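Visitor: All chains should be built: construct the whole structure from the sequences, respecting the hints.
Going line by line, the protein sequences match chains A and B. For the first sequence, the numbering used here gives the first residue as 1, with consecutive numbering after it. For the second sequence, the numbering used here gives the first residue as 1001, with consecutive numbering after it.
Do not take every clue at face value.
Here's a subset of chain A near chain B, in silico, CB distances under 8 Å, partners left out [stated by the list, open to error]:
| no. | residue |
| --- | --- |
| 1 | Ser14 |
| 2 | Pro16 |
| 3 | Leu17 |
| 4 | Pro19 |
| 5 | Thr102 |
| 6 | Asn248 |
| 7 | Lys250 |
| 8 | Val255 |
| 9 | Gln260 |
| 10 | Gly262 |
| 11 | Glu286 |
Think of the hints as simulated: they come from the structure by calculation, not from any bench. Values in this document were obtained by computation on a predicted structure and should not be read as measured data. Idealized CB from N, CA, C, for every residue including glycine.
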Amino acid sequence: MASNALPPQPIPSSHPLAPAPFVVRSQTAETPDTHTLVLSPSDGHAVPPALPGQFNMLYVFGVGEAAISLSGDPSDATAVVHTVRNAGPITAAIAQSPPGQTVGIRGPYGRGWPIDQAKGRDVVLVAGGLGLPPLRPVLYGLLAHRERYGRIEVIYGARTPKDLVYYGQIQQWRLRPDIRFQVTVDAADRSWYGDVGLVTARIPDTRFEPGNSVAFLCGPEIMMKYAARDLEARGIPQSSIWLSMERNMKCAVAVCGHCQFGPAFVCRDGPVFRYDVVRDWLATREL
Amino acid sequence: MAVPSIGDRLLLDRRDFPTFLASLHSAGYRIVGPTVRDGAIVYGDIAAETDLPIGWTERQNAGTYRLERRGDEALFGYVVGPHSWKKYLFPSHERLWTAARDGDSFTVTPEPTPERPLAFLGVRACELAALRITDKVFMGGIPDPSYSARRHKILRVAVQCGQAGGTCFCVSMGTGPGVTSDYDLSLTEILSEGRHEFLVAVGTELGASVLASVPTRRATAEDDQVAAAIVSRTAASMGRSMDPTGLRDLLLSQPNHPRWDQVAKRCLSCTNCTMACPTCFCHTTEEVPSLDAEKTERWRRWDSCFNLEFTKLHTTPVRASSSSRYRQWLTHKLGSWHDQFGSSGCVGCGRCITWCPVAIDITEEVAALRVPPASPPAEGGPR
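Guide: This is the structure:
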């Protein structure tokens, strides 16, 4: 039999895809093409609560929008922090926003890192290139409650020493006795005293209890694919390895279709996925 | 003349059809429905019954569509054309919001939601199924403001198909040709032995209300049988068929089937299938600033998974090959759609077959994918 007309639904007075104005409080150059912006709501409203691993849609008036991961301290309720690489006209406009400029934000969106699963266990973070900013909120969270976790091992790789973000902060993390923060670069000149090589080359030397560890991976897909494979080979089960996927995004609310990865919408079902869920998709070319 | 109520089955004489249209107009509806334009039956505004494709039908096959004269004066004697109702609920270009500079900041004004309620005249069973699907897409999560505003105001005047098209396969997909739910009114056009009447089934109070001032009489059991026979005859003459068994699992398990490369040799990535599909919903957004940069507008427009830009990440597309893009379209439509929205994304309307310029046939592709590859596929999928 015929169903009745749809029940009336309230239509929101503001558009769910409309950005809210935020003001850039500070802009820090990380590398020649990457900047960290600290933003706060220009209307004085509270910063919407976000989880490590989630992302916002950042908007520059008259230019457009891009999906950018949150990279600040999740316990700081006064500011939103994003590290943005100039990779095109929109991200260039965002990254180059000087203090005082208004940037639109909507979000946060997506599923973040399952930090609760790290309690009582060793934690391995593997970041490649601009994969460190989405993992930085995890590190802040772990260090804020250091006693809750086992060993913390961080491996961070970049193309060259000049491409390392958060350079000063990394020096401080490397001085801490209660975590190990390894840095490696693909290529360097004689002025670099650190490791040279892929992040996967650091995995054999990383110390963790395989049956009682979680691993969070973020970086280029190829890096995550091989890092996950190697961590699994060292005994971390697939279900304890998590990685953050990146796809073209327009809407961030699972309706524009762009970010589909297998049956998942990366914006809604990700960007953080459990390795056993995406392993076969990662193995399929051009999925 | 009794006031109609839900469940009533009434007869509307062809000569009273203008009264029916007038009733919709006087109820405040903007009527949209089938009309002949540019050699095809498309959906447009219906001011009077003369706008309808009276006496026209079409011949459809893979890659071809031709209008033809019928031997009678049927109002709905065709199947479906290149348009679908999605163009009214989810327009191909739509402004989402405008923004204006406001000192150092900016103010966003959402686009006002429309306008007059729409009466969809001549919605086929497969199209009602498509409507259920796009409802899930646009209103299943955060409701899309403009889609839901329009959707909640439509009146659905369905029509049970009196004939099947050459590319129709709604029977395979379980979506038609009979109209069984989700209608306000459902019409069956009866044209025989000098009769030209519509059997009207009343589905909702809304449907009943617009019939109140239209002359009708009670249909008999015989009239019901005549209508049922029309639907059965249509069901028996589908131009295509597609075995729906296990389609989701089939598609999701075949990312490396050699058929993807074969179909990609023909596919032009023209996006016609996705534009004509009544359920394809992918879209992109565009920023349209004014020349003085004081104002800007945010638009969305239909996009397609066949476009290279669609998956562009930084500088390169994730799906660079045609075969990966065709695989995405079909695997989504028939496979992962189930995971995302709880049903297939295909309603068997045949538009993607008819409007493909190189006559790629979804039913043929599925049949080919059912044949296991002769030798183990190359590792890593299409290239």
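Visitor: For each hint, tell me whether it holds in the structure or not.
Guide: Against the structure, the hints come out as follows:
1. For A/Ser14, the interface hint holds, since its Cβ comes within 8 Å of a Cβ in chain B; the closest pair sits about 6 Å apart.
2. For A/Pro16, the shortest C-beta to C-beta distance to chain B is roughly 5 Å, which falls under 8 Å, so the interface hint holds.
3. Because the smallest distance between the Cβ of A/Leu17 and any Cβ of chain B comes to about 6 Å, under 8 Å, the interface hint for this residue holds.
4. This hint holds: A/Pro19 has a C-beta 7 Å from the nearest C-beta of chain B, less than the 8 Å allowed.
5. Interface restraint check: A/Thr102 against chain B, minimum CB-CB distance 4 Å, threshold 8 Å, status holds.
6. Interface hint status for A/Asn248: upheld, as the beta-carbon distance to the closest one in chain B is roughly 5 Å, under 8 Å.
7. At its closest, the beta carbon of A/Lys250 sits 5 Å from a beta carbon of chain B; the interface hint therefore holds under the 8 Å criterion.
8. With 8 Å as the threshold, the beta carbon of A/Val255 comes within range of chain B, its nearest partner Cβ sitting at about 6 Å, so the hint holds.
9. Because the beta carbon of A/Gln260 sits about 7 Å from the nearest beta carbon in chain B, less than 8 Å, this interface hint is met.
10. For A/Gly262, the shortest C-beta to C-beta distance to chain B is roughly 7 Å, which falls under 8 Å, so the interface hint holds.
11. Interface hint status for A/Glu286: upheld, as the beta-carbon distance to the closest one in chain B is roughly 3 Å, under 8 Å.
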